[in-house]
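Residue numbers (the numbering used here), protein chains in the order written: chain R, 1 to 272; chain L, 1 to 292; chain S, 1 to 277.
Calculated directly from the structure, the hints in this document are not laboratory data.
Just so it is clear, the structure is predicted and the values come from calculations on it, not from any experiment.
You may find that some hints are simply not true.
[Stated by the list, open to error] Using 25 Å as the maximum straight-line C-alpha spacing, the simulated SDA-like pairs for lysine to any residue come out as follows:
1. R/Lys163 / L/Gly258
2. L/Lys191 / S/Asp267
3. L/Lys110 / S/Leu25
4. R/Lys121 / R/Ala84
5. R/Lys50 / R/Leu270
6. L/Lys191 / S/Pro216
7. R/Lys163 / R/Glu199
8. R/Lys50 / S/Phe6
9. L/Lys191 / S/Leu15
10. L/Lys110 / S/Gly242
11. L/Lys177 / S/Val59
12. R/Lys86 / L/Lys177
13. R/Lys209 / R/Lys239
14. R/Lys239 / R/Gln119
15. L/Lys110 / S/Pro216
16. R/Lys86 / L/Glu43
17. R/Lys168 / L/Asp60
18. R/Lys168 / L/Arg141
19. R/Lys28 / S/Gly163
20. R/Lys50 / R/Ala84
21. R/Lys239 / R/Ala225
22. L/Lys177 / S/Met46
23. R/Lys121 / R/Glu89
24. L/Lys110 / S/Leu16
25. L/Lys110 / S/Glu159
26. L/Lys110 / S/Ser18
27. R/Lys137 / L/Thr133
28. L/Lys177 / S/Pro216
29. R/Lys46 / S/Val156
30. R/Lys50 / S/Leu16
31. R/Lys168 / L/Lys191
32. L/Lys110 / S/Val92
33. L/Lys110 / L/Thr133
34. R/Lys168 / R/Glu89
35. L/Lys177 / S/Gly163
36. L/Lys110 / S/Met169
37. R/Lys163 / L/Pro176
Chain by chain, the residues run as shown.
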Amino acid sequence: MTVNFWKYMASLAVLLLLACGARAENHKLVLTGSSTVAPLLLEIGKRFEKQNPGVRVDVQSGGSSRGVADARSGLADIGMISRALKPDENDLVAHSIAIDGIGIILHRGNPISSLSDEQIKAIYTGQITRWKELGGKDTRITVVNKAEGRSTLDLFLHHFALKNSEIKAQVVIGDNPQGIKTVAGNPGAISYVSIGAAEYEAAQGTPIKLLPMAGVAATVANVRAGRFPLSRPLNLVTKGEVTVLAQRFIEFARSGAVHDLVENQFLVPLAR
Amino acid sequence: MTWLKTSSLSRWHADRRLAPLLAVLAAGAALILLLVLVFLLREAWPVLNGNGWQRFFGDDGWYPLEGRFGLLAMVWATLAAAFGAILLAAPLGLACAVFVCFYASPGLAKLYRMMLALLAGIPSVVFGLWGLTVLVPLIARWQPPGASLFCAILILMLMILPTVALTSVAALNAVPKSLLHGAAALGLTRKGIILGVAVPAARAGVFGGILLATARALGETMAVLMVAGNVVQNPSGLFEPVRVLTANIALEMAYATGTHRASLFASGLMLTLLVLVLASLAARIGGHTRNV
Amino acid sequence: MSDRAFTYGIWGAALLVSSAFLWLLGDLVWHGVPHLSWSFLVSEPMNAGRAGGIAPILVSTVLILAVALVAVVPLGLGAAVWLAEYTRRGGVSGQSIRLSLDVLAGVPSIVFALFGYAFFCVFLGLGFSILSGGLTLACMILPIFIRTSEAGLAAVTDEWRHGAAALGMTRAAALWHILLPAAAPAIVAGLMLGIGRATAETAALIFTSGYVDRMPESLADSGRALAVHIYDLTMNVSGGDGAAYASALVLIVLIVAINIGALSLSDRWLTRRITTS
């Protein structure tokens, strides 16, 4: 039995050694950060690898703040964030790669077809709790809000001049698909999510609908034209001197050669 | 159960080397906990240092970006969800184990055990997905908003039930057959044998399984995050949304910086301490029942 | 409660659990089977996982599991034997180790994620790799494995130990030839619980083995686990639900295969030990 123990321990040690020895990083780019941006960069990375044999692009997900932290510490060559840089992050340089619009969604069975900013504000602060007060059915409103720290929440709060503690939510969610699923399963729910994702899901038959904001229809086209009031940039961030490879990758990610990939992730490419 | 230290066998050469080796392995396993705790403390230190911890209990509400760090509502929610789940899962799981050991034919028992093992292996995100797309809309039709403490309890129960059932099966199988035959010979009914002999004899194993399951219920993240609603408030009713500590960490960690991040580590530490208290409590109770 | 009512109760509970399970499984099959095909298993994911297959993800998952098991089985068995055979009941060292294991079992996976990231990825310099992921999982499933194995060993009646001693066997020989085989069902059950938890783990792996969905070339490569893939498809990638359900089905089949393998292995071990020794 002891012999077997040592056999196992030895193989474990060998594994560790193998792992340490096999790290060659000459042609490797590491990207970490926002989960919203990660799937897009994964695809861009694959195309970049195909065009530049021998290069490896490793994309790790984990949130905007991790993108900032890893770009600062040098753990990642490039950070990914789903918002603009904050004033205390001006040691970093942002490179926009796409835009994401945020729209209000309701269940498709809800007869309400538009809400004013004041009404949305009243719903989110708990002054209106039933759809009847807005001319809808006599059902309770389920307010769906995002978790603290999410950039969509920041955007939403900023637009409506609210503090998060003023919002009276019934459900708090993380990412967009959770919001869409929550609204699809609850006829009385209201939420705000990425317009591209909602447009796609609605077209697939998911029972949700996007509401116009301030009279502007929530469509990808309007976001692209800059007409829609709620949108955020998706950025790559770097610190200080950038390697030639990283620079080439950023240029590639901002170029027209990846617009189809951006659209495949239901995001809006930068207007050219 | 344990051999006496004075056993002549321990003079054997191989044995003398075996014991310390095993002890080192066991200590190493236990050391992982220390490593985890040290690391949590280090990361949470900016908040814990300088009476920051008082704010976890004193502050009203959890709005870290506005400087309010009240964790108490989430502690209650965590306890409510875990105990609700274990209250349902313990009797059901034990019943399933009894079914496997005493009622099902050998073939059916094997099939049923396989099913339980399968259930234990379904990823929590699948339970969450199922809860979010099937259970939450069902409950929402009856008691909106659907995403609630109740839904969290149901999903957690399904997730921890296999743990209770499988450990109970192992414990029941380990009860000496002679004991059961003896009871049968005394003319006890099947119910009498099960409740009077088998389950009491297996109680240490069953209890251990329930403990493991409670720990899992307290620590479960993804599934609860998807179905509990995640609103930070005291659990006032079964159909009200709540946020548990783990969901709080998972929801916000990726986006947190500075004090916010440190306070999330502190809530992880608090959760670990909660489990520590429960485990030592359970060890004491378990010790008593075993001595009786 | 009469004997008959008790019987009905037990059958009722068993039926309730199996019907809930069938409901869940039926839902998975309903949504997942249309996406399932041979090419789904052997091709690379495309368009963030919405199209294409899961081949690299399957390979990564198996490698992560293998790393975790190689670390857990010897360490866990050793610890379990020590706890069951070498500590006195109520002794301080044994009790404190048991307590810390029970607490470790309750540490939430998200905490393991942060620990694994800081310890294996950064401190030990393993980076985002299959190795980091596997070792983090090993820390997670170790307590479950040790406690169930210990319970199995403790349940072996003392007569067997006395018999072995009377035959003049060393404690090591008694362990290897008699006690461990006798406890094999419990050890395998513990292993299955651990494997179940490991394959189902999401949070701990996002931060350690990572997000890269390319075919891993070595254990030092980052590789996405199946559960992480499912999580990403359902919670982060709109339109990924079909592929997510199909991946969940694959994961379940994988777990069945591992369980069947473990069961037959333990049976063979049991018979071999008893007949040849």
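Results for each hint:
1. Restraint check: the Cα-Cα separation between lysine 163 of chain R and glycine 258 of chain L comes to about 20 Å, which is no more than 25 Å; the hinted pair holds.
2. At roughly 30 Å between alpha-carbon atoms, lysine 191 of chain L and aspartate 267 of chain S are farther apart than 25 Å, so this suggested pair is violated.
3. Between lysine 110 of chain L and leucine 25 of chain S, the direct Cα distance comes to roughly 18 Å. Compliance with the 25 Å bound is thereby established for this hinted pair.
4. With a C-alpha separation of about 24 Å, the suggested pair lysine 121 of chain R and alanine 84 of chain R falls inside the 25 Å cut-off, and the hint holds.
5. In summary, the hint linking lysine 50 of chain R to leucine 270 of chain R is supported, as the alpha carbons are separated by about 23 Å, within the 25 Å threshold.
6. Between lysine 191 of chain L and proline 216 of chain S, the direct Cα distance comes to roughly 55 Å. Violation of the 25 Å bound is thereby established for this hinted pair.
7. In summary, the hint linking lysine 163 of chain R to glutamate 199 of chain R is not supported, as the alpha carbons are separated by about 28 Å, beyond the 25 Å threshold.
8. Straight-line distance between C-alpha atoms of lysine 50 of chain R and phenylalanine 6 of chain S comes to about 66 Å, which puts the hinted pair past the 25 Å bound.
9. For the suggested pair lysine 191 of chain L and leucine 15 of chain S, the alpha carbons sit about 19 Å apart, so the restraint of at most 25 Å is met.
10. For the suggested pair lysine 110 of chain L and glycine 242 of chain S, the alpha carbons sit about 31 Å apart, so the restraint of at most 25 Å is broken.
11. Of the supplied pair hints, the one linking lysine 177 of chain L and valine 59 of chain S is violated, its CA atoms being roughly 44 Å apart against a limit of 25 Å.
12. As the CA atoms of lysine 86 of chain R and lysine 177 of chain L are separated by approximately 70 Å, the hinted pair breaks the 25 Å bound.
13. This hinted pair does not check out: lysine 209 of chain R and lysine 239 of chain R have alpha carbons roughly 41 Å apart, beyond 25 Å.
14. Distance restraint check for lysine 239 of chain R and glutamine 119 of chain R: the Cα-Cα separation of roughly 42 Å exceeds the 25 Å cut-off, and the hinted pair is therefore not satisfied.
15. A C-alpha spacing of about 36 Å is found between lysine 110 of chain L and proline 216 of chain S, which places the hinted pair above 25 Å, so the restraint is violated.
16. Among the hinted pairs, lysine 86 of chain R with glutamate 43 of chain L is consistent with the structure: their alpha-carbon atoms are about 23 Å apart, no more than 25 Å.
17. Of the pairs offered as hints, the one joining lysine 168 of chain R and aspartate 60 of chain L holds, with about 15 Å between alpha carbons and a cut-off of 25 Å not exceeded.
18. Among the hinted pairs, lysine 168 of chain R with arginine 141 of chain L is consistent with the structure: their alpha-carbon atoms are about 21 Å apart, no more than 25 Å.
19. Note on lysine 28 of chain R and glycine 163 of chain S: the hinted pairing is violated, with a Cα-Cα distance of about 62 Å set against a maximum of 25 Å.
20. The hinted pair formed by lysine 50 of chain R and alanine 84 of chain R fails the criterion: a straight-line CA distance of about 30 Å is larger than 25 Å.
21. Taking the CA atoms of lysine 239 of chain R and alanine 225 of chain R, the gap is about 30 Å. The hint is violated against a cut of 25 Å.
22. Taking the CA atoms of lysine 177 of chain L and methionine 46 of chain S, the gap is about 56 Å. The hint is violated against a cut of 25 Å.
23. Annotation: proposed proximity of lysine 121 of chain R to glutamate 89 of chain R is violated, straight-line Cα distance about 30 Å (limit 25 Å).
24. Restraint check for lysine 110 of chain L and leucine 16 of chain S: the C-alpha separation of about 18 Å stays at or below 25 Å, so the hint holds.
25. Between lysine 110 of chain L and glutamate 159 of chain S the CA atoms are separated by roughly 29 Å; this puts the pair beyond 25 Å, and the hint is violated.
26. Of the supplied pair hints, the one linking lysine 110 of chain L and serine 18 of chain S holds, its CA atoms being roughly 14 Å apart against a limit of 25 Å.
27. Proximity of lysine 137 of chain R to threonine 133 of chain L is assessed by CA-CA distance (about 23 Å); at most 25 Å being required, the pair is judged to hold.
28. For a cut-off of 25 Å, the pair hint linking lysine 177 of chain L to proline 216 of chain S is broken: about 50 Å separates their Cα positions.
29. For the given pair, lysine 46 of chain R sits about 56 Å from valine 156 of chain S by alpha-carbon distance, which is inconsistent with the 25 Å threshold.
30. Between lysine 50 of chain R and leucine 16 of chain S, the direct Cα distance comes to roughly 52 Å. Violation of the 25 Å bound is thereby established for this hinted pair.
31. Annotation: proposed proximity of lysine 168 of chain R to lysine 191 of chain L is violated, straight-line Cα distance about 52 Å (limit 25 Å).
32. Pair hint lysine 110 of chain L plus valine 92 of chain S does not hold up; C-alpha atoms about 39 Å apart against a cutoff of 25 Å.
33. For a cut-off of 25 Å, the pair hint linking lysine 110 of chain L to threonine 133 of chain L is broken: about 31 Å separates their Cα positions.
34. With a C-alpha separation of about 31 Å, the suggested pair lysine 168 of chain R and glutamate 89 of chain R falls outside the 25 Å cut-off, and the hint is violated.
35. Distance hint between lysine 177 of chain L and glycine 163 of chain S is fulfilled; the C-alpha atoms sit about 19 Å from each other, no more than 25 Å.
36. Straight-line distance between C-alpha atoms of lysine 110 of chain L and methionine 169 of chain S comes to about 35 Å, which puts the hinted pair past the 25 Å bound.
37. At roughly 64 Å between alpha-carbon atoms, lysine 163 of chain R and proline 176 of chain L are farther apart than 25 Å, so this suggested pair is violated.
Hint compliance for this structure: hints 2, 6, 7, 8, 10, 11, 12, 13, 14, 15, 19, 20, 21, 22, 23, 25, 28, 29, 30, 31, 32, 33, 34, 36, 37 are not met, and every other hint is.
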